[in-house]
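Chemist: Take a look at the letters that make up each chain.
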Amino acid sequence: MMSAYAGKILRVDLGSGRTREEDVDPKLARAYIGGRGLGTKLFCDEVDATVDPLAPENKLILAAGPLTGTTAMCGGRFMAITKGVLTGAIACSNCGGNFGPEMKYAGYDMIILEGTASEPVMLVIDDGFAQVRPADHLWGKTVHETEDILHGQLGEDFKCVSIGPAGEKLVRFASIMNDKNRAAGRSGVGAVMGSKKLKAVAVRGTHGLTVAEPEAFRTACLDSMAKLQAGEITGTGLKAFGTAILVNIINESGLFPTRNSTQGQFDAAEQISGETIAEKILVRPRSCFACPIACGRVTAVKEGKYKGHGEGPEYETIWALGADVGVSDLAAATKANYICNEMGMDTITAGATIACAMELFESGAITETEAGCKLNFGNADAVVDLVAKIGRRDGFGDVLAEGGARVAEKYGRPEMFMGVKKLEFPAYDPRGAFGMGLQYATSNRGACHVRGFLISPEILGIPEKADPHSPDGKAALNIAFQDITAALDSAGVCLFVTFSIGVPELRTMLQTATGFDYDDDEFMQAGERIWNLERLFNQRAGFSKKDDTLPKRMLEVPMPSGPAEGKTVPLDQMRAEYYTLRGWDAEGRPTGEKLAALGL
Amino acid sequence: MTNILVIDPEKCTSCRLCELACSQRNDGTFRPTWSRIDVTIKVDEAFYFPRVCFQCEDSPCVDVCPTSALYRDEKTGAVVLEQSLCNECRMCEVGCPYGVIQCRDGKARKCELCGGDPECVRFCSPGALRYESGDTWPQAARQAYADRLQALAKEAQA
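Taken in sequence, the protein lines are chains A and B.
Position 10 of the first sequence, counting from 1, maps to 10 under our numbering, and the rest follow consecutively.
Position 38 of the second sequence, counting from 1, maps to 38 under our numbering, and the rest follow consecutively.
Derived from the structure by calculation, the hints contain no laboratory data.
Keep in mind that a hint or two might mislead.
Said to hold, decoys possible - 30 Å max Cα-Cα, derived DSS-like pairs, lysine-lysine:
(1) B/107 x A/302
(2) B/11 x A/227
(3) B/107 x A/307
(4) B/11 x A/180
(5) B/75 x A/180
(6) A/280 x B/107
As the list claims (entries may be wrong) - Pairwise CB distance ranges, derived in the manner of DEER restraints:
(7) A/119 x B/116: 38 to 48 Å
(8) A/596 x B/42: 51 to 61 Å
(9) B/140 x A/279: 46 to 56 Å
(10) B/138 x A/219: 53 to 63 Å
What the hints assert, rightly or not - Quick partial rundown of chain B residues pointing at chain A, CB under 10 Å, derived from the structure:
(11) 8
(12) 43
(13) 49
(14) 103
Here a beta-carbon is modelled for each residue, glycine too, at the ideal position from N, C-alpha and C.
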């Protein structure tokens, strides 16, 4: 009996409807921790990296970590692991809410979904009894409708993940949604679920989880909780203002990407800030499972044409559906956010793809006839209208459903796509934070902020301040952030804990929960192992050094104004140093020695 | 008046750490379905409601228990359960007007205030749970809370 782990994997063949249980291998669990790490290990062993992401041979793994479902701080996460439909790279999208813990209480650390059903299906798991059932009645429904129907049909105590119309229609950036408004958001994991005709997974679990050293684990959890409460960001800032507390900070620092990254400051930032959200639309904060931070926003737009209620916007969303598309109307951006949640799609890529299309429109590459409207920056109605159309691949929405890289390519202006490996940038212009630029370029899933949040040292000064406009030391910082993030994602806790706790606290919680005698080095090495494993998958999928880059605008066009005025990202220098420190060759390939040292 | 768990639902953020702390302390397992406290969460209504025993002075559960397994602990003022006397008849579960006694997997479970040091309070970061004199919870607010709880229990049975 393994401590902290549920101990079993559920394997489901959607083609035949057959399910079977397997044991978690304790040796692999120790080396890859769980969640992102262990899920990726099994995925890479079982799936050919050259597979078409939408083919039946691609698999989708939902994986919780060993700390998921315990009192470990913010320990409620699971990850969706697959080959991404948007990127063609390894995809692992992290999600909070209540699904991950419930999956473990039902007896499973992981669910491996294989093959493709011929008709819409759902997977229902009730305490170790799993069944693939017809889901025609759910097909076409929005995420909220789906959860409501499932709760009526199965009971309120079932926790669900589902896809909305976007996943069904294979929108390349469709999400998998949990608790209605929490998203395994990026890379198109929802489109993989849609390609398998799997509408939802509903789970109920009544079993328990035990940890190896209950008293020591309790002490470690309470110690971490005290540090989270004392931290300025985790204790007060995120709860009061949500992640959008960053709007003013990032804007003032001059790296708030505005109008498809043509500027680094948005003149109407104040109108979409976390402070304004708190004042105008916040109903109350909301926590994911086992989280004392409560950055979630339950909100309502009470009147007007954008009336609605739901959750969000968080920081990246209010940027993507606000500043990036030049929209200053908080109500409109919030409405667009609600629609993305209902459709089940990534708010970042949705907004950034519209922003890309707006620049294409203003440069004359897209006509008004094609777009169906005057697609200028700042056209709030067009944004609200288009997110709904993208979700159903309706009209021009069908074009945008392919994501920014393909849209820019289609209209002959690939340089107008702002992203890496076909994944759009989140809300930090790398010209104002060079380390973040290196992170975007080298991240295994493309331009992503949650694989190594270099904004923390470069802008927020956590754990200590690094000069955002200097390449010095950024390679080493990136490696440290990428490895710790890989390890904590695998453990099942939220990245946000790292604003207040570090490796010793995380390692202690993991060690006392699992009984594996980790020290700090082994914990970090597990992160490094996972990072290299993902890198190897991408290499086999056809990615190489040429893909570890940034759009020309970041490398050659100086930031026009603000604190980062005149800056471009000195990527080559940082990337070369990064490869060296990673133990990779000059082409970014892990060397035999490095792989041997990591046991890969 | 002795201390009870005073609940401030406005402060709750729906994290459910109380459920985990409770089941771990009392049953040695992280198992929300065995927790003596639970948080009712309605996402759409932004409604989070921790539900736990009020340690009623006039306790219907004690009155209906045929084996006298339920009694008041003089030290803490909590209504506690003597497991060896319990015959699993589930009368207390039915008798509780607030639906905060659970009988499942062969055992009745109710909040006994952890012998005077409630673990849920320790893990309640937003301070929605406090262990203090029942006098600090105004009667009107407590009644309103109880009414809401009762309505919820009825809704769940329906």
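Chemist: Does each hint fit the structure? Answer for all of them.
Modeler: Okay, the hints, checked on the actual structure:
Only pairs whose Cα atoms come within 30 Å are accepted, and residue 107 of chain B paired with residue 302 of chain A is rejected, the gap being roughly 47 Å. For a cut-off of 30 Å, the pair hint linking residue 11 of chain B to residue 227 of chain A stands: about 20 Å separates their Cα positions. For the given pair, residue 107 of chain B sits about 48 Å from residue 307 of chain A by alpha-carbon distance, which is inconsistent with the 30 Å threshold. Restraint check: the Cα-Cα separation between residue 11 of chain B and residue 180 of chain A comes to about 22 Å, which is no more than 30 Å; the hinted pair holds.
As the CA atoms of residue 75 of chain B and residue 180 of chain A are separated by approximately 45 Å, the hinted pair breaks the 30 Å bound. Between residue 280 of chain A and residue 107 of chain B the CA atoms are separated by roughly 48 Å; this puts the pair beyond 30 Å, and the hint is violated. Look at residue 119 of chain A against residue 116 of chain B: about 58 Å separates their beta carbons, and that is not inside 38 to 48 Å. The hinted range of 51 to 61 Å is satisfied by residue 596 of chain A and residue 42 of chain B, whose Cβ atoms lie roughly 54 Å apart.
As the Cβ distance of residue 140 of chain B to residue 279 of chain A is approximately 30 Å, the hint placing it in 46 to 56 Å is violated. A hinted range of 53 to 63 Å is violated for the C-beta pair residue 138 of chain B and residue 219 of chain A, which are about 36 Å apart. Checking residue 8 of chain B against chain A by beta carbon gives a least distance of about 13 Å; that is not within 10 Å, so the hint is violated. The interface hint given for residue 43 of chain B holds, since its Cβ lies 5 Å from the closest Cβ of chain A, which is under the 10 Å cut-off.
Among the interface hints, the one on residue 49 of chain B is violated; its C-beta lies about 13 Å from the nearest C-beta in chain A, farther than the 10 Å criterion. The interface hint given for residue 103 of chain B is broken, as the beta carbon of that residue sits about 14 Å from the closest beta carbon of chain A, more than 10 Å.
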